[in-house]
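Chemist: Residues per chain are reported as follows:
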Amino acid sequence: MASPRRSKQARRLLLLPVITLGLGLLLFVSSVASASPAPQTTETPFATVTPTFDLSRLDAPVTADPPGQIDRGAIHYWGVCMACHGDYGQGLIPEWREAFTEDRDCWQSDCHGPDHPPEGFEMKKDNLAPPIAGPGKLASYSNAFELYQYIYETMPWWNPGSITREEAWALANYVLKLNGTRPEGLTLTTTNGYAVPVHRTVSLPGKEWPGVLVLAGVLVFAAVGMVLQAASKQTAGTAVLPKPNFIHHLHPPSIPMFQSRFRYTLGAGGISVFLCLVLLVTGILEMFFYIPSAEHAATSIEVITTLVPFGNLIRNLHYWSAQLLVIVMTVHLLRVVLTGAYAKPRRFNFLLGLALLVCILLLNFTGYVLRWDEGIRWALVVGTNLLKTIPWIGEGVYQFVMGGPEAGPAALTRFYAWHIFGLTISVAILVGWHAFRVRRDGGIAVPPPTKRVDKSRITRFELVRREVLAMVITGIVLLLISVLIPAPIEQPLQETSLAASDSRAPWFFLWVQQLLKYGDPFIWGVLVPLLVVLGLGLIPYALPRAMSEDLGRWFPRGNRIAQVLVVLIILVITILTALANLPIFK
Amino acid sequence: MNKLSSRRDFLKLITNAFFGLSGFLGLGGLFRFFSFQPDPGPPTEFDLGPASDYPKGIQVIRLDIPAAIQHTDEGIIAISLVCTHLGCTAEENETGEGFICPCHGSRYSKSGNVLEGPATKNLPRYRIEEQEDRRLRLFTK
Chain A
1 MASPRRSKQA RRLLLLPVIT LGLGLLLFVS SVASASPAPQ TTETPFATVT
51 PTFDLSRLDA PVTADPPGQI DRGAIHYWGV CMACHGDYGQ GLIPEWREAF
101 TEDRDCWQSD CHGPDHPPEG FEMKKDNLAP PIAGPGKLAS YSNAFELYQY
151 IYETMPWWNP GSITREEAWA LANYVLKLNG TRPEGLTLTT TNGYAVPVHR
201 TVSLPGKEWP GVLVLAGVLV FAAVGMVLQA ASKQTAGTAV LPKPNFIHHL
251 HPPSIPMFQS RFRYTLGAGG ISVFLCLVLL VTGILEMFFY IPSAEHAATS
301 IEVITTLVPF GNLIRNLHYW SAQLLVIVMT VHLLRVVLTG AYAKPRRFNF
351 LLGLALLVCI LLLNFTGYVL RWDEGIRWAL VVGTNLLKTI PWIGEGVYQF
401 VMGGPEAGPA ALTRFYAWHI FGLTISVAIL VGWHAFRVRR DGGIAVPPPT
451 KRVDKSRITR FELVRREVLA MVITGIVLLL ISVLIPAPIE QPLQETSLAA
501 SDSRAPWFFL WVQQLLKYGD PFIWGVLVPL LVVLGLGLIP YALPRAMSED
551 LGRWFPRGNR IAQVLVVLII LVITILTALA NLPIFK
Chain B
1001 MNKLSSRRDF LKLITNAFFG LSGFLGLGGL FRFFSFQPDP GPPTEFDLGP
1051 ASDYPKGIQV IRLDIPAAIQ HTDEGIIAIS LVCTHLGCTA EENETGEGFI
1101 CPCHGSRYSK SGNVLEGPAT KNLPRYRIEE QEDRRLRLFT K
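Chains as they are written, first to last, in the numbering used here: chain A, 1 to 586; chain B, 1001 to 1141.
I should point out that these hints are in silico values taken from the structure, not numbers from a laboratory.
C-beta: ideal position from N, C-alpha, C; glycine also.
One or more hints might be untrue.
Here are the simulated DSS-like cross-link-like pairs (lysine-lysine), alpha carbons at most 25 Å apart as the crow flies [to be verified]:
hint	chain 1	residue 1	chain 2	residue 2
1	A	Lys517	A	Lys344
2	B	Lys1110	A	Lys137
3	A	Lys344	A	Lys455
4	A	Lys243	B	Lys1012
5	A	Lys388	A	Lys207
6	B	Lys1110	B	Lys1056
7	B	Lys1141	A	Lys177
8	A	Lys177	A	Lys207
9	B	Lys1141	B	Lys1121
Covered by chain B, per the in silico footprint, the following chain A stretches (three or more residues, Cβ under 8 Å) [claimed, not checked]:
hint	segment
10	177 to 185
11	293 to 302
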């Protein structure tokens, strides 16, 4: 609340620019006032105002401390915009011009007539400040971003381009408030500007993290319960086994205890499957609000992020599962090679796994492109132009992928179809096949029965329990990351490029971007990555493998070359990614 | 053994209860998620232009509303053209003295009263107000 003394001061401060209409920047006021011969600017400003005009309308706005965006908007509006646009956005109508007493005909007064002072400007009667609030007003603006952009580029009318972006956002927020369509608690950003409409009130979802934390807490309790249950089973000795359910039947009746330990498998395969399931469910949910068209894609994502209850959480879960999946699958690949588990008869399954990794990378890239915001511009252009560099067939491949001569709406539709259907169904089939081959090839890799040191086994009930526990823990980690770190989204992709847009590839392709700095784009951007995949695929066929009695443990002697090779590949890729020297999470 | 087994049963119950509770919470969130409606819905206000555009006796069909604007003895009125049967847009009939619905043949008089089924309710009127700038504004709500 402003003190009486302060509000009186504020009143006087405001009246000066009001009288010397439009020169709202208070800095100029004193010099303009001295230049203007108008007597009422100096002595008794209050006496000359028509009694019908309620002077309290000129008071400074009451603001919170510290001021939020809406408060900054209110103050800025009061100081600069109100003189012309009115205290409730009514524009320079006669009722508002009452405030200027004798100078109410601004266009012919000393202030804005043809003989205005040097710092001032002339106003034409047919170009008065329009109303900016009320029914039917601002009809050509549909969302807060358009409002912001107009304010930023053209306001104030006599000195466009003089306000900062943050001030323009604050003003757009205040204009929404004048129109009565500002959602309670709104702070406008480039992220939500497109989602907030000008002409109708949307409600922002409340804080979601308490609910999410409760959910995470409940899951923690469930996990603890499972651990205790397992412990009590162990003390009870071998009990009569219950009937296996459907999930149990997807697993072998028992597996060797030694190879079922987390420190051997790292749980990477199972966690990958879990992440795929999370991606499937959250992806389906996103489809209920995502609009795959060039003009609506980014906006609909902003709607999901800003307005849909739990939409932000679901999008973050989708995003972070996808990033995590790439890492977990790489760990799985490393585990398989470093334990020599790819040896015959599991050679083909190794290829299936590699195909899965490639498909997931493509899914990540297509999903990234579906944002269709300024953040993807150069990654899309560069990533797809690489295809053109392939000799002879490059153009054809490019058009097959993009559906046109350059990245446009057709490309978005194709990426959407690949992401939602083509690649997803491929992954579904490959996951099923990969898991089936694990069983068909004799389960997890172990030495022959005669050469095992420890022959004890665990039942499928125990196995499923461990898997569920791993899922619960992964789920909790995922939830926490998703609550804390938002997935990126920027303003919708424009026809012409903005200088500010990010030129980085998504993090999982940064190594390729780095390679491209070394020379010919076809060699470094297409051939080398293909050779990496090919090299990995040849490991089980071309390199010596571990002895069968050496299986089922880390770093068997027999396949040292393969171990060194795959560690080198991963290391080089990691170094290249680091060399691109970029914060991954931006 | 018995004691142990009952303790295990209790643990199992608690664990399942927590899983059930998390599922229940998840369902609640899902319900809220699906309850969001991204579409703004049709506009509820329309500009009709100055009153002088509507001389006495005229009828103007505005398909974007859709409504028929008439200047009758009562003044300038607006009759909704959304058929009260199942929502098709009614058209002027052959003589121009009334409306007919193309979908199921409901007939209305010029003032919107039902003459023939299957519709049973008359066409409603929309509110029209004159604005400060002398233009007419139609409100569908």
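Chemist: Run every hint past the structure and note whether it holds.
Modeler: Tested hints:
1. For the suggested pair Lys517/A and Lys344/A, the alpha carbons sit about 39 Å apart, so the restraint of at most 25 Å is broken.
2. Proximity of Lys1110/B to Lys137/A is assessed by CA-CA distance (about 34 Å); at most 25 Å being required, the pair is judged violated.
3. Using a Cα cut-off of 25 Å, the hinted pair Lys344/A and Lys455/A holds, with the two alpha carbons roughly 22 Å apart.
4. A threshold of 25 Å between alpha carbons decides the hint, and for Lys243/A with Lys1012/B the separation of about 16 Å falls inside it, so the pair holds.
5. Restraint check for Lys388/A and Lys207/A: not satisfied, since their Cα atoms lie roughly 47 Å apart, outside the 25 Å limit.
6. About 15 Å separates the Cα atoms of Lys1110/B and Lys1056/B, which keeps this hinted pair within 25 Å; it holds.
7. A threshold of 25 Å between alpha carbons decides the hint, and for Lys1141/B with Lys177/A the separation of about 22 Å falls inside it, so the pair holds.
8. Distance check on the hinted pair: Lys177/A and Lys207/A sit about 21 Å apart at the alpha-carbon level, within 25 Å; holds.
9. A hinted pair counts as satisfied when its Cα atoms are at most 25 Å apart, and Lys1141/B with Lys1121/B qualifies at roughly 18 Å.
10. Under a criterion of three residues with beta carbons nearer than 8 Å to beta carbons of chain B, the stated coverage of the segment 177 to 185 of chain A fails, only 0 such residues being counted.
11. Remark: the segment 293 to 302 of chain A is not confirmed as covered by chain B, as 1 of its residues place a Cβ nearer than 8 Å to a Cβ of that chain, below the required three.
In the structure shown, a violation is registered for the earlier hints numbered 1, 2, 5, 10 and 11, in ascending order.
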